[in-house]
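Number of protein chains: 2
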Amino acid sequence: MSTLAPIKITGNTRVYAIIADPVAQVRTPEVLNEYFRTRGIDAVLVPIHVAPDGLESVLAGFRHMKNMGGFVVTVPHKTAVARLCDELGPAGRVIGSVNAVRRTADGRFVGDMFDGAGFVTGLRAQGHDPKGLRILLVGAGGAASAIAFALAQAGVAALTISNRTRAKAQAVAAMVKQSFPLAIVQTGEPDPKGYDLVVNATSLGMKPSDPLPIDTERLEPATVVAEIIMKPEVTALLAKAIEKGCVVHHGRHMLDEQVRLMTGFMLASE
Amino acid sequence: MSTLAPIKITGNTRVYAIIADPVAQVRTPEVLNEYFRTRGIDAVLVPIHVAPDGLESVLAGFRHMKNMGGFVVTVPHKTAVARLCDELGPAGRVIGSVNAVRRTADGRFVGDMFDGAGFVTGLRAQGHDPKGLRILLVGAGGAASAIAFALAQAGVAALTISNRTRAKAQAVAAMVKQSFPLAIVQTGEPDPKGYDLVVNATSLGMKPSDPLPIDTERLEPATVVAEIIMKPEVTALLAKAIEKGCVVHHGRHMLDEQVRLMTGFMLASE
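Here the protein sequences come in this chain order: A and B. Letter by letter, the first sequence follows residues 3 to 272 in our numbering. Letter by letter, the second sequence follows residues 3 to 272 in our numbering.
Check before you lean on any hint, since a few could be wrong.
As the list claims (entries may be wrong) - What the simulated footprint calls covered on chain A by chain B, stretch by stretch (three residues with Cβ under 8 angstroms from a Cβ of chain B suffice, anywhere in the stretch; the number is not a length):
1. 47-60
2. 205-218
As the list claims (entries may be wrong) - Here are the simulated lysine-lysine pairs, DSS-like style, with alpha carbons at most 27 angstroms apart:
3. Lys68(B) / Lys68(A)
4. Lys179(B) / Lys68(A)
5. Lys195(B) / Lys170(B)
6. Lys10(A) / Lys195(B)
7. Lys68(B) / Lys133(B)
8. Lys246(A) / Lys233(A)
9. Lys209(A) / Lys179(A)
10. Lys10(A) / Lys68(B)
11. Lys209(B) / Lys242(B)
12. Lys68(A) / Lys133(A)
13. Lys179(A) / Lys133(A)
14. Lys195(A) / Lys170(A)
15. Lys133(B) / Lys209(B)
16. Lys233(B) / Lys10(A)
17. Lys195(B) / Lys233(A)
18. Lys133(A) / Lys246(A)
19. Lys209(A) / Lys170(A)
20. Lys233(B) / Lys246(B)
Everything labelled a hint here was simulated from the structure, so no lab data went into it. Glycine included, each C-beta is placed from N, C-alpha and C at the ideal position.
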């Protein structure tokens with residue numbers, strides 16, 4: 003909206019950061035500063051470019067910045083920052099990585115991982131409550147782990163994790179079982195037949211030359227197909243799914259909710 | 003101007019800071035962000051509240067922030083930061099304190115002190131070149147030291163430093179003589195008679211109850227009277243000077259030039 007006041011930074015403004023390496027590509031400063039501005043929150047988020055060998059020093063410095071409220075964490079720091087936090091939320095603890103850290107008034111770091119919660123909240127916002135659904139999740143990296151955890155937490159009926167390297171899928175399944183011993187979690191093939199929801203949590207689809215993450219020939223129209231890839235908005239997988247008559251769910255829904263969850267977490271008073 | 007674009011922070015934006023304790027009162031974020039914005043410089047300056055016991059950690063963190071360009075230093079950190087710099091400019095080296103630090107691409111800190119240069123540049127901008135003038139400088143604190151150094155560097159004819167505690171005035175005079183052995187620098191009474199320029203570099207005049215820093219009864223109309231106090235804009239000293247028919251020089255001229263000099267210094271490529 004053109005009537006919004008510009009960002010006004012004074013000596014009273016609280017400071018937030020996003021740490022990344024590289025940092026030029028991150029969109030968080032634009033998204034979160036817009037969030038602060040539209041809500042009249044006197045805060046600013048700045049990008050901080052830090053390499054892995056400087057991470058500990060930068061975090062030690064953050065501890066002593068009394069007007070710092072917290073920071074967003076992205077590649078390649080999510081796992082290392084989890085180890086440097088004083089306290090972790092449930093998802094962060096289980097997955098062993100965080101993407102948002104709140105700095106308390108006494109300089110302690112409380113971290114948590116919102117990739118999975120963002121995905122599930124985004125699903126619900128689009129009318130796809132995962133509770134009771136049979137779900138095929140493709141991928142076993144950081145995002146897939148977080149989504150697997152959040153889906154189990156949301157009470158899915160059954161979750162199949164499919165990954166090229168089967169051992170990684172098994173590790174994710176074991177992690178989920180440890181937190182939710184009653185959940186039905188298994189590993190399997192990327193065959194979408196018979197599932198209510200199929201989630202692509204791999205990076206396949208970012209490049210036009212990527213193979214499809216699942217066997218789309220076996221997609222049924224009743225299956226909802228979800229992406230976490232944001233660019234392109236319509237991946238080859240989603241295009242195929244639309245062709246098959248499936249309802250599709252875009253990557254940006256996850257990001258939108260993630261931003262809200264991370265910001266609420268960082269802004270929360272102790 | 004209303005046509006200016008608001009601050010737009012992206013992953014490419016360079017980050018600057020001002021470190022202070024407390025920090026709420028600092029005006030530098032407003033002034034420097036306006037400077038960046040009007041010139042289309044993709045940079046942002048944020049306030050960082052750090053206590054003396056956290057200073058070393060914060061600076062160690064800054065070294066590893068690859069997109070940090072530098073920082074402004076204010077109370078109470080000017081002397082401590084000078085000790086933590088890798089390299090000091092001439093004024094910073096002599097005075098032993100800095101108010102601006104440039105971070106080089108390899109994480110080194112180059113600091114310098116612009117209080118004095120800002121004052122002298124401000125004088126010149128108002129048509130008062132101190133070269134060849136007889137000057138009475140009142141005060142012997144950090145700002146007075148910086149101004150004494152810069153006035154000597156500017157080639158004044160003679161400089162008298164007056165301070166309640168004479169020993170401090172003598173220390174400042176000795177510091178100036180060490181850098182400019184040929185300069186005529188002495189200590190003396192706060193008697194303005196016979197000087198071309200009188201400078202108040204004490205804080206006397208900020209409060210209405212403060213005594214006058216000089217014996218204004220002995221002010222002559224040909225003497226220019228300068229302040230470094232910004233609020234009130236017309237101190238009791240300046241009001242008296244105007245009454246006596248003197249030309250006066252306001253505190254804000256120093257600040258305006260200081261900002262330009264510090265920003266130019268921090269933005270300079272190596």
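Here is how each hint holds up against the structure:
no.	hint	verdict
1	47-60	holds (count 12)
2	205-218	violated (count 0)
3	Lys68(B) / Lys68(A)	holds, 22 angstroms
4	Lys179(B) / Lys68(A)	violated, 41 angstroms
5	Lys195(B) / Lys170(B)	holds, 22 angstroms
6	Lys10(A) / Lys195(B)	violated, 47 angstroms
7	Lys68(B) / Lys133(B)	violated, 42 angstroms
8	Lys246(A) / Lys233(A)	holds, 21 angstroms
9	Lys209(A) / Lys179(A)	violated, 33 angstroms
10	Lys10(A) / Lys68(B)	holds, 25 angstroms
11	Lys209(B) / Lys242(B)	holds, 16 angstroms
12	Lys68(A) / Lys133(A)	violated, 42 angstroms
13	Lys179(A) / Lys133(A)	holds, 17 angstroms
14	Lys195(A) / Lys170(A)	holds, 22 angstroms
15	Lys133(B) / Lys209(B)	violated, 32 angstroms
16	Lys233(B) / Lys10(A)	holds, 22 angstroms
17	Lys195(B) / Lys233(A)	violated, 75 angstroms
18	Lys133(A) / Lys246(A)	holds, 24 angstroms
19	Lys209(A) / Lys170(A)	holds, 23 angstroms
20	Lys233(B) / Lys246(B)	holds, 21 angstroms
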